[in-house]
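These protein sequence lines are chains Y and G, in that order.
Under numbering that gives the first Met the number 0, the final residue of the first sequence carries the number 204; numbering is consecutive throughout.
Under numbering that gives the first Met the number 0, the final residue of the second sequence carries the number 204; numbering is consecutive throughout.
Incorrect hints may have been included.
A pair counts as met if it fits within one copy or between any two copies, since identical chains are not told apart.
[Stated by the list, open to error] Simulated pairs of lysine to any residue, SDA-like, Cα-Cα distance not exceeding 25 angstroms: (1) Lys202 / Ser182; (2) Lys202 / Gly183; (3) Lys158 / Pro168; (4) Lys149 / Pro136; (5) Lys149 / Ile163; (6) Lys1 / Gly183; (7) Lys151 / Pro168.
What the hints contain is simulated information worked out from the structure, not anything from laboratory work.
These are the residues of each chain, in order.
There are 2 protein chains.
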Amino acid sequence: MKIVTVSREFGSGGREVGKRLADLLGFAYYDREIITAIAEKSSLDEDYIEKTIESGITRSYPITFSHSFAAYIPAAMTPAPGIIASQHAVIKEIASKGDCVIVGRCADVILEDLNPFRLFVCADMSSKMNRCRLRAPEDEKLTDRELERKIKRIDKGRKESHDILASYPWGDRRGYDLCVNTSGVDIKAIIPHIGGYIEEWFKQG
Amino acid sequence: MKIVTVSREFGSGGREVGKRLADLLGFAYYDREIITAIAEKSSLDEDYIEKTIESGITRSYPITFSHSFAAYIPAAMTPAPGIIASQHAVIKEIASKGDCVIVGRCADVILEDLNPFRLFVCADMSSKMNRCRLRAPEDEKLTDRELERKIKRIDKGRKESHDILASYPWGDRRGYDLCVNTSGVDIKAIIPHIGGYIEEWFKQG
Numbered sequence: 000m001k002i003v004t005v006s007r008e009f010g011s012g013g014r015e016v017g018k019r020l021a022d023l024l025g026f027a028y029y030d031r032e033i034i035t036a037i038a039e040k041s042s043l044d045e046d047y048i049e050k051t052i053e054s055g056i057t058r059s060y061p062i063t064f065s066h067s068f069a070a071y072i073p074a075a076m077t078p079a080p081g082i083i084a085s086q087h088a089v090i091k092e093i094a095s096k097g098d099c100v101i102v103g104r105c106a107d108v109i110l111e112d113l114n115p116f117r118l119f120v121c122a123d124m125s126s127k128m129n130r131c132r133l134r135a136p137e138d139e140k141l142t143d144r145e146l147e148r149k150i151k152r153i154d155k156g157r158k159e160s161h162d163i164l165a166s167y168p169w170g171d172r173r174g175y176d177l178c179v180n181t182s183g184v185d186i187k188a189i190i191p192h193i194g195g196y197i198e199e200w201f202k203q204g
Numbered sequence: 000m001k002i003v004t005v006s007r008e009f010g011s012g013g014r015e016v017g018k019r020l021a022d023l024l025g026f027a028y029y030d031r032e033i034i035t036a037i038a039e040k041s042s043l044d045e046d047y048i049e050k051t052i053e054s055g056i057t058r059s060y061p062i063t064f065s066h067s068f069a070a071y072i073p074a075a076m077t078p079a080p081g082i083i084a085s086q087h088a089v090i091k092e093i094a095s096k097g098d099c100v101i102v103g104r105c106a107d108v109i110l111e112d113l114n115p116f117r118l119f120v121c122a123d124m125s126s127k128m129n130r131c132r133l134r135a136p137e138d139e140k141l142t143d144r145e146l147e148r149k150i151k152r153i154d155k156g157r158k159e160s161h162d163i164l165a166s167y168p169w170g171d172r173r174g175y176d177l178c179v180n181t182s183g184v185d186i187k188a189i190i191p192h193i194g195g196y197i198e199e200w201f202k203q204g
């Protein structure tokens, strides 16, 4: 089974990279579908699931709590039981169906034993802000400062939920096979080269 | 002018990547030549220059000194004056001559204003150890533990000399356009894809 996982900074175009790679390679593509499947499995609300998975478990606690007190936090403040187990089950089920590209949701770590190709997509802050404004009309109402804060907040959540599971920190080169910086880059034009790299990597593996 | 800088972990095959990329792209290739040129400019010994540039300035001090006392360290213990200035002058001179690939020596930071394509090459420890043993017969005498310590010591030096100059730490994805993990990868076979990516990147720039 050939699995490509795409981890990405918010606004870096990781989703577009994942979608285009899936088209090029002829692989199935999973992104938002994962949240929907977890909702079905756990009977929880999709928004709640997305927030919990993307924002990191620790962010469910009030920030004044030190991590060392985590054991004393009342159960009501921890994420709904089963949500992490469902995330693992859904991602493993997807991976068993056939060659695929999976965007986010810690699939790189959850599927570690299947030796996926792990791609990380990043960009500098101004490129990410530009991309956000182009893609999401609701971001146009934000000031530059607000948009930058939003981007940093989302990435902080991704980092937290990743780092609980992984041996290397989120975005650390050592945890990925390729890190691509999309600053000032036309994504469509670079896809054939990334795709070629990935095909060669699987051929060797 | 098209400039590709290759930063690399010791044993990751960064040198081979750089050489093969230069051949593919038809660019000049610089590595050890930089040290020779600095030696000519500064009338200092090549080995001394290599040690100073690769190992980082702070490593010239006894390790018992705290960094905060650096100002009180006798002049004799700081690197020979002019060595850093010569490094900058030599690398800038090389870059002005034409399209090139430059391996190491902080060229990514020194040439920042010329907007080089910044490549980072890494690999996991066991791949780096294998590569070292294959390439350097003298490493065969080392135990695994000694070889691992050697690799870490050299990379620590590279990190230190880089981080004095740069805005992002050595090996941090944000300071590079592409980070390639060569663990278990046949370098020769991936070069066309990295080269294609770089050519497309320059076309867009």
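Provide an ascending list of the numbers of those earlier hints which the structure does not satisfy. The structure conflicts with no hint, since it agrees with every one listed earlier.
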